[in-house]
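Under this note's numbering, the first residue of the sequence shown is numbered 185, with each subsequent residue one higher.
Calculated directly from the structure, the hints in this document are not laboratory data.
Be aware that one or more of the hints could be misleading.
Pairs of lysine to any residue residues, derived as SDA-like cross-links and limited to a Cα-Cα distance of at most 20 angstroms, are as follows [claimed, not checked]: (1) Lys304 x Asn320; (2) Lys584 x Pro608; (3) Lys193 x Ala497; (4) Lys501 x Leu301.
Distance windows between CB atoms, simulated [to be verified]: (5) Leu387 x Met509: 24 to 30 angstroms; (6) Gln627 x Leu297: 41 to 47 angstroms; (7) Arg408 x Met634: 47 to 53 angstroms; (8) His629 x Ile589: 28 to 34 angstroms; (9) Lys304 x Arg403: 32 to 38 angstroms; (10) Ala527 x Ser416: 52 to 58 angstroms; (11) Val361 x Ala593: 41 to 47 angstroms; (12) His635 x Arg403: 37 to 43 angstroms; (13) Val293 x Gln627: 39 to 45 angstroms; (14) Val293 x Arg449: 30 to 36 angstroms; (15) Leu285 x His548: 43 to 49 angstroms.
Ideal Cβ positions, reconstructed from N, Cα and C, are used throughout, including at glycine.
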Amino acid sequence: MKTQVNLGKDSVFSLVLHLAIPTMIANFVNVLYNIVDRMFIGNIPKVGGLALAGAGVCGPIVTLLTSFGSLIGLGGSILFSMRLGEGRKKEAETILSNSFLMLAAVSAVLTFLFLILKNKLLMWFGASAVTFPYANTYMTIYTLGTFFALMAVGLNYFITCQGFASVSMVTVLIGAVSNIILDPIFIFVFRMGVAGAAVATVLSQMFSCLFALSFLFGRRVSVRITFGNYSSSLMRRIIHLGISPFLIMATDSIIMIVLNSSLQRYGGPAEGDLLITAGTIIQSYMLIITSTMLGISSGTQAILSYNYGAKQADRIKQAEKYILMLCLIFTSVMFLISRLLPAYFARIFTSDPSQIRMAVWGIHVCTLSIIPLSFQYAFVDGLTALGCTRAALTLSMFRKGSYVIFVLALPAFLGAKNAFYAEPLCDILGSAAATISFFLIFQKHLDRRMHEVPPPLRNDSPMKTV
185 MKTQVNLGKD SVFSLVLHLA IPTMIANFVN VLYNIVDRMF IGNIPKVGGL ALAGAGVCGP
245 IVTLLTSFGS LIGLGGSILF SMRLGEGRKK EAETILSNSF LMLAAVSAVL TFLFLILKNK
305 LLMWFGASAV TFPYANTYMT IYTLGTFFAL MAVGLNYFIT CQGFASVSMV TVLIGAVSNI
365 ILDPIFIFVF RMGVAGAAVA TVLSQMFSCL FALSFLFGRR VSVRITFGNY SSSLMRRIIH
425 LGISPFLIMA TDSIIMIVLN SSLQRYGGPA EGDLLITAGT IIQSYMLIIT STMLGISSGT
485 QAILSYNYGA KQADRIKQAE KYILMLCLIF TSVMFLISRL LPAYFARIFT SDPSQIRMAV
545 WGIHVCTLSI IPLSFQYAFV DGLTALGCTR AALTLSMFRK GSYVIFVLAL PAFLGAKNAF
605 YAEPLCDILG SAAATISFFL IFQKHLDRRM HEVPPPLRND SPMKTV
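With the sequences and hints as input, model every part of the structure.
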């Protein structure tokens, strides 16, 4: 397999596979950060169930923190790819320089804020008096490693969009494999419990971060990290492009927080912690599906952005078709697996029969509409890659808003566990809205781009390869 590809000339189908498959694998493996932690935490003697519920409360907050890496990394890499497609290497270099500074600054601010607010956040987001100590321990240690998490996530986009999808995958694999090795050592050998899981995760993210930094400072890439040429207007442009995928990821965290709060409120002392423990297992399973599908749709955005910059409409259409096809194949396979094997997945986390039964039932419910969800991911991320951030954000917020309404209304009228039906209902509505909107917007947007007059090149020569 080639380590680098030409986004403007290679076969579109081979490009989609070359970028999508490593990113799918990388995102799937990245989910192991959460799953491996939860698996070992759930098997801590005597307190595994309560510790797992505490870690489950932390999960959405962890996702919210790392989504800031995508705000800058994905927003910057979309603009970066467009400039490479236009042959503007110097401008692409400036975008990477500004993105690097933003990642460092945002990670420092978030570390400070979350350390101050974490106690209140954990109680608001579903921790009980019993599970709070476990959640607080995990969250405190994880927050101290925010810099490594954001850098690893954000910089990896700039590796992918320069055609090094396999290197991007290695960045994630380094962290995941390290986490798998370190978790049992810190949790059981050193007897650190939940604290050990958090320490293992932070160290693993540090290894990923160092690898990404060494690669982007090295000589293999066409555009390396530099310092200087900082621009507030360029930073605003990066945020403008990244705000849609950021809010998509951030609201994923928010709706998990709303779900946990709803389960705790309507489940009460009798069922609240049980439902959150089962919900943590269900959310881990859904993360495998959504993160891997996000690998397809976001990992291939560089193809769309580059060819949008190069005004190659036919290649954009071909790529979008293949991206949707891959999403549909993946979700169809996962739908069948979800009907047959969820009990085996649940047993990884717990041996409690009641928790297993609840988790299996919830997985069956939450995966009812994952096949239509393919259209949501392919079309919304496709619009984002072409710079249609307002439309993409509106479609995403429609789906997430529907989820929040369902997750609050269903348990109030039908009982706590029926909150899990919010997932398939919002997936159906969101996918229908995304499909209709995409076909109304896509062709018109391409036509406008094809008739644009490009500005003159400034101190740069056209890029022949990426």
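Hints and how they fare:
1. Lys304 x Asn320: 10 angstroms, holds
2. Lys584 x Pro608: 12 angstroms, holds
3. Lys193 x Ala497: 13 angstroms, holds
4. Lys501 x Leu301: 46 angstroms, violated
5. Leu387 x Met509: 24 to 30 angstroms: 39 angstroms, violated
6. Gln627 x Leu297: 41 to 47 angstroms: 43 angstroms, holds
7. Arg408 x Met634: 47 to 53 angstroms: 32 angstroms, violated
8. His629 x Ile589: 28 to 34 angstroms: Given about 30 angstroms between the Cβ atoms, the range holds.
9. Lys304 x Arg403: 32 to 38 angstroms: 47 angstroms, violated
10. Ala527 x Ser416: 52 to 58 angstroms: 54 angstroms, holds
11. Val361 x Ala593: 41 to 47 angstroms: 43 angstroms, holds
12. His635 x Arg403: 37 to 43 angstroms: 39 angstroms, holds
13. Val293 x Gln627: 39 to 45 angstroms: 41 angstroms, holds
14. Val293 x Arg449: 30 to 36 angstroms: Given range 30 to 36 angstroms: holds, Cβ gap about 31 angstroms.
15. Leu285 x His548: 43 to 49 angstroms: Once the Cβ atoms are compared, 46 angstroms apart, the range 43 to 49 angstroms for histidine 548 and leucine 285 holds.
The structure fails to meet hints 4, 5, 7 and 9 from the earlier list, while all remaining hints are met.
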